[in-house]
Amino acid sequence: MNLKNFKIDLSNKNKDLIPQVLTVFLLVLVIIYFTINAQDNMGNRGISFGFGFLSQESSFDITFSLIDYDGSDSYARAFLVGLLNTILVSSIGIFFATLLGVTVGIGRLSQNYLIAKAAEWYVEIFRNIPLILQIFFWYFAALRALPLTVDSINFYDISFLNVKGWYVPRFIWTNFSIFFYSIIVAIITIVFFTKYARKQRDEFGKQLPTFYVSFGLIIGLPLLTFLFGGVRLSFEIPELEQLSTTVYVYKGGVSIIPELISLALALSMYTATFIAENVRAGILGVNKGQKEAAASIGLTKGQILKLVVMPQALRIIIPPTTNQYLNLTKNSSLAAAIAYPDIVLVFAGTALMQTGRAIEIISITMLTYLSLSLSISIFMNWYNKKIAIKEK
Amino acid sequence: MKSIKTWILVVLASSLLVACGQGGGGSGSKKSKTLDNTKKAGFVKCGVSQGLPGFSNADESGNWTGIDVDVCRAVAAAVLGDADKVKYTPLSAKERFTALTSGEIDVLARNTTWTLSRDADIGLTFVGVNFYDGQGFMVRKNSGINSVNDFKDGISACTNTGTTTELNMRDFFNSKNIKYEPIAFEKADEVVQAYDAGRCDTYTTDKSGLAAQRTKLSAPDDHKVLPETISKEPLGPVVRQGDSVWEDIVRWSLNTMIEAEEYGVNSSNASGLKDSDNPAIKRLVGSEGELGAAFGLDNEWSLRIIEQVGNYGESYKKHIADTNILPNRGPNELWTKGGILYVPPAR
Numbered sequence: 001m002n003l004k005n006f007k008i009d010l011s012n013k014n015k016d017l018i019p020q021v022l023t024v025f026l027l028v029l030v031i032i033y034f035t036i037n038a039q040d041n042m043g044n045r046g047i048s049f050g051f052g053f054l055s056q057e058s059s060f061d062i063t064f065s066l067i068d069y070d071g072s073d074s075y076a077r078a079f080l081v082g083l084l085n086t087i088l089v090s091s092i093g094i095f096f097a098t099l100l101g102v103t104v105g106i107g108r109l110s111q112n113y114l115i116a117k118a119a120e121w122y123v124e125i126f127r128n129i130p131l132i133l134q135i136f137f138w139y140f141a142a143l144r145a146l147p148l149t150v151d152s153i154n155f156y157d158i159s160f161l162n163v164k165g166w167y168v169p170r171f172i173w174t175n176f177s178i179f180f181y182s183i184i185v186a187i188i189t190i191v192f193f194t195k196y197a198r199k200q201r202d203e204f205g206k207q208l209p210t211f212y213v214s215f216g217l218i219i220g221l222p223l224l225t226f227l228f229g230g231v232r233l234s235f236e237i238p239e240l241e242q243l244s245t246t247v248y249v250y251k252g253g254v255s256i257i258p259e260l261i262s263l264a265l266a267l268s269m270y271t272a273t274f275i276a277e278n279v280r281a282g283i284l285g286v287n288k289g290q291k292e293a294a295a296s297i298g299l300t301k302g303q304i305l306k307l308v309v310m311p312q313a314l315r316i317i318i319p320p321t322t323n324q325y326l327n328l329t330k331n332s333s334l335a336a337a338i339a340y341p342d343i344v345l346v347f348a349g350t351a352l353m354q355t356g357r358a359i360e361i362i363s364i365t366m367l368t369y370l371s372l373s374l375s376i377s378i379f380m381n382w383y384n385k386k387i388a389i390k391e392k
Numbered sequence: 001m002k003s004i005k006t007w008i009l010v011v012l013a014s015s016l017l018v019a020c021g022q023g024g025g026g027s028g029s030k031k032s033k034t035l036d037n038t039k040k041a042g043f044v045k046c047g048v049s050q051g052l053p054g055f056s057n058a059d060e061s062g063n064w065t066g067i068d069v070d071v072c073r074a075v076a077a078a079v080l081g082d083a084d085k086v087k088y089t090p091l092s093a094k095e096r097f098t099a100l101t102s103g104e105i106d107v108l109a110r111n112t113t114w115t116l117s118r119d120a121d122i123g124l125t126f127v128g129v130n131f132y133d134g135q136g137f138m139v140r141k142n143s144g145i146n147s148v149n150d151f152k153d154g155i156s157a158c159t160n161t162g163t164t165t166e167l168n169m170r171d172f173f174n175s176k177n178i179k180y181e182p183i184a185f186e187k188a189d190e191v192v193q194a195y196d197a198g199r200c201d202t203y204t205t206d207k208s209g210l211a212a213q214r215t216k217l218s219a220p221d222d223h224k225v226l227p228e229t230i231s232k233e234p235l236g237p238v239v240r241q242g243d244s245v246w247e248d249i250v251r252w253s254l255n256t257m258i259e260a261e262e263y264g265v266n267s268s269n270a271s272g273l274k275d276s277d278n279p280a281i282k283r284l285v286g287s288e289g290e291l292g293a294a295f296g297l298d299n300e301w302s303l304r305i306i307e308q309v310g311n312y313g314e315s316y317k318k319h320i321a322d323t324n325i326l327p328n329r330g331p332n333e334l335w336t337k338g339g340i341l342y343v344p345p346a347r
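So the protein lines, in turn, are chains A and B.
Quick note: the first sequence, position 131, residue 131 per our numbering, numbers continuous.
Quick note: the second sequence, position 142, residue 142 per our numbering, numbers continuous.
Chain B extracted, bound-state conformation (with noise of 0.2 Å):
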């Protein structure tokens, strides 16, 4: 009598499982499958650091702020009409293009550079930068190094596993013909304890990220990073390949916000601009032109970013510049101002 138990029991089980491989396996070759699934769900699935000042990171009480988390709210805002609207996944470099192609989440925000072979090779999409970093290093003030030009063989150098930043160092000691010793780690915490405690002589990564990480060592004003820029990492969004619904709803997000900036509109002032003489402002607040249509939207989608997260330059200031991770914007600053942020024109 047992066995024939049992053998029903696992009858049932596998007919189950086969039933939710079959809901959960589908592919992404309807019109947007990903719109529709966020919709019902009523959250937008993001992506986000294990925690780094000013991208992407939660404070005591679990509430996440940074300038990549802002692009999170902006899709929210934008599809569901309510920036809290999103549920946010702290990965690991190594687990973040999994956790996207797989479906955990539907946009990677992520301080992830934008390079060919990601892009090309491994089914994601780059729908942007919005932010352009470049890769530097750190070093102790005392320890008489002023630039790359002073290292020398066997130095040692700290870093995270997974990272653009792993080759990039070594293209850059190799074309310096310096012999010199890697320590990749898999989180960022434990690569700031060990060049804390001298275990390496320097630590690199993007610069925004030293500048960061530099605000968790025992005594930061000890640390400096040197003036040399060793690679270009622009730094933005992904989403899975597959959907260009999904994608565009993003990427005009992101671009959004620059643009916002770019005609002085933001977050107090939006909604009164509806009347504005300038029609490219009136596209961008929803009051001409029937932009949203094009995703699925409504046409109010683009004011809801500027007035529930804001533009580019309210999110920089607030998550960059105010806590004095990167005062000045540097190359993130708009084109019309020196920097190279420029989008395409909403119309």
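Here chain A stands alone, though its shape is the one from the complex (with noise of 0.2 Å):
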């Protein structure tokens, strides 16, 4: 070894590299200090640290559950019917957050007067006040402000709406499989259609009327199912019964629970304000000139929005509301405070009560919106690859 050029090199990457490998070994060693410590202490106070708590019997029951559960059920089981029940109110929060910000946000830049200072008032009064208040507001206003079960709203004899709940006809399907089966074979075709119409526009110029197409396809097909494959579909209507003199019950249907639907409401009206204000931006961030030059060559004004403007827009628009999906989702754990049994309540508070297992109860309710959180991540990066401009 030539020792007269050997020299350590502390001038650019490994000045750099040193600290780094020392930080990372220093927060190796106090992750595991706090786990021997956590471990140590727990033992010291006689409390001991496993997740066989999970299959045994929660002895609790839960309001409202996308899949049959009672007290008998494990715990395990009242962790799944938190965790759908905190992605059912994501879902919806997050279907009509986007389509109210979408709306508010290109309402903002409308030239009518009145809707551009009508979306602009919505967005700044429902953006800054705290998410818990409106929570509270939309539950105990709605709870206050609907009739007693005898009084229901009535819609047309089939629905009602009072404080306990809207309560709305239940399906019952005969030969379900061939009807969701017909939608499959719709969607489908017509992603085969609408790649077929593509390639036809773009080599030959030629323009398939695709959205009737579509629109036929998803329309058409399940309902010549119930023509022909012997679908059928019935409804039951909810009914009201008295329980004692003043106590009714509205019975059969399905009950949509007072809480989802306010804790819904709250959810998508608060991130709407955010959403609108990414799409406001969005727009707002496609230069003028596009528009004049997709204008120029003729194109119309719906394909001008949806041929120049919108692809660039959603480029801005994307991951900020990605950020705003995440939100919803993580705010949805103030379930809690209005009694909707989503996963913080049932799991982190009434099992993590009953069983008093708090370290294994937290860490899987965290692991599980990290899961979430990462999921919607991934789904809306992939969107944003997709749609993003791929420089030729």
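Errors might be hidden in some of the hints.
Unchecked claim - Lysine-lysine pairs mimicking DSS-like chemistry, simulated, CA-CA at most 25 Å apart:
id: 1; chain 1: B; residue 1: Lys179; chain 2: A; residue 2: Lys251
id: 2; chain 1: A; residue 1: Lys385; chain 2: A; residue 2: Lys195
id: 3; chain 1: B; residue 1: Lys176; chain 2: A; residue 2: Lys251
id: 4; chain 1: B; residue 1: Lys232; chain 2: B; residue 2: Lys337
id: 5; chain 1: A; residue 1: Lys330; chain 2: B; residue 2: Lys187
id: 6; chain 1: B; residue 1: Lys141; chain 2: A; residue 2: Lys251
Said to hold, decoys possible - Which bits of chain B does chain A cover? Going by a derived footprint, with three or more residues having C-beta under 8 Å, they are:
id: 7; region: 85-99
id: 8; region: 138-144
id: 9; region: 160-169
id: 10; region: 172-186
Treat the hints as calculated values from the structure; they're not laboratory data.
Positions of the beta carbon are idealized from the N, C-alpha and C atoms, including for glycine.
Build the complex from these two chains, which are given one at a time in their own frames, with help from the hints.
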């Protein structure tokens, strides 16, 4: 080895590398220390650690569940009920927040003074009030405003709204699987047809009526199953029953509990304000020259929005909107305040209390939220990449 | 240059973290670490409810009162000589046990039901019972429901999450084969509001809780508590497992209050009874025996409890009876007067 030329290169890379390695090393040490410390303390206080409790009987009931559940099921199943309820309210929230957000965002850019001002006021009011207060407002305002069961608001004798919830007819299907497959087939056909139409347009300059064909397929194919596939649909309509002098309840049908309605409402109203601002920023971010150029080559107004403005605006809209979807999902944990049985109320609340397994349950709950958020992130990143402008 | 500075900072911060961890994470294996720490801190760390009239409730100026609060005050009087040297931590049902096992508080006096699994499973020890309660139901007077036998399929019931109430409710409705809709809120105030708005047909919790919460309804007189009691709810103070000296101090602070009532010793006559003819009374006021030494306390610890906090009867009258929550003592009467309050002799 030529010692003359050998020296430690402290100039650039290595100088940065040493502290980095040491930092990671220290971090690992700290984590190990805290883990051992926690184990020690738990041992000293006579608390055991383990996940065996998950298979024990939960022995508490839950108001609202998407799957069959009662107190004789395990804690693991109670966890699943909570998780599904979290996913349900987040999905509903994301759907309506996007719908409302896009509408309000476009509304803020409207030439119509009234619409633009209304949209602006909406955004300023709802994004500046803490979410938990909005949840309480919608919940208790709704509870106070809605009539008692016996005086329900009646929608054509099939659906009823009262303080205990919104009662809608239950769908009773015969041969549901045929109906379901017909929708799948319709979607697959639409995907292939769209690809074919694009090819036709790119290669031969022929415009096929993609929208009408898709619309026809998704409506028509399932309809055909009713005529020829033996698919039948009937409804179970909720009926009022008297339990005692003044206590009434609707039985049959599906009950949408007020906790779900107000939580979904509050989450969408709140998050929509942020999405609206993203949409506005996205549209404003597209250079005016783009629209003028598109108009000059003879595209219609709809085509300009769809083919020129939106693809460029979406690049700006998607990443911050992903953040809002993540926020909405995490904010749904405020459900516990108004008794909506989400994962925090059911699992990190009741189950934690009954078992006392704080460390295990909180870890599971944190991991669950992490996985939920990462899934949303991964999907949105995939979508973002898909719509990103591909430089050629 | 900048990166080296950051690196030094990181190392310093990490070593600080490790040092903190070392200081905080002790075990309770010494004789009585909790007692030593309490004396050093100068106050008793006590966990209470977030506001339950009669048990633990804060007024506008932040003064806590109630029979649970009096247990904390008794411990402070015994250990520190001043019943006011208590730091109260309001806790939800969900937080209470973690706060205790993690050492954030040293006594939990928060209308907590003594059950086997809580006592044995999660590092806690119940030291006694300061209120014998039972779960009941509240309904609207005009509902036509006069007994739990009038409940039918489809009834909706509001309660608190993270309590034994949730489990008892299921046992009860299952045993009667009634399908019910359980609505469980995290905090009691929301339960009251939801029940008041008509979200649920009945509100179920401990009967003392029902009586206290009824006062918060918009029209308390329109509601009534059904006569049946569906469960045993012995409520009492809790300590961490593993510090038997501290456990004994809390247990005997409570017992002293009950024993004092039994022997007619109260806050106004206690100091005058030092020369009583009854040795049991003399032991209570510290003029006979060396009872405090067993815990590492002086001999006037029990006298201070009686003088500064009062006996159990005084505490009950002040917080539960005079506030009209439960004027009738029921089972919470001394065994000599037909109740079930019975404590081992202090000797």
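Practice task
List, from low to high, the hint numbers that the structure doesn't satisfy.
Solution key: none
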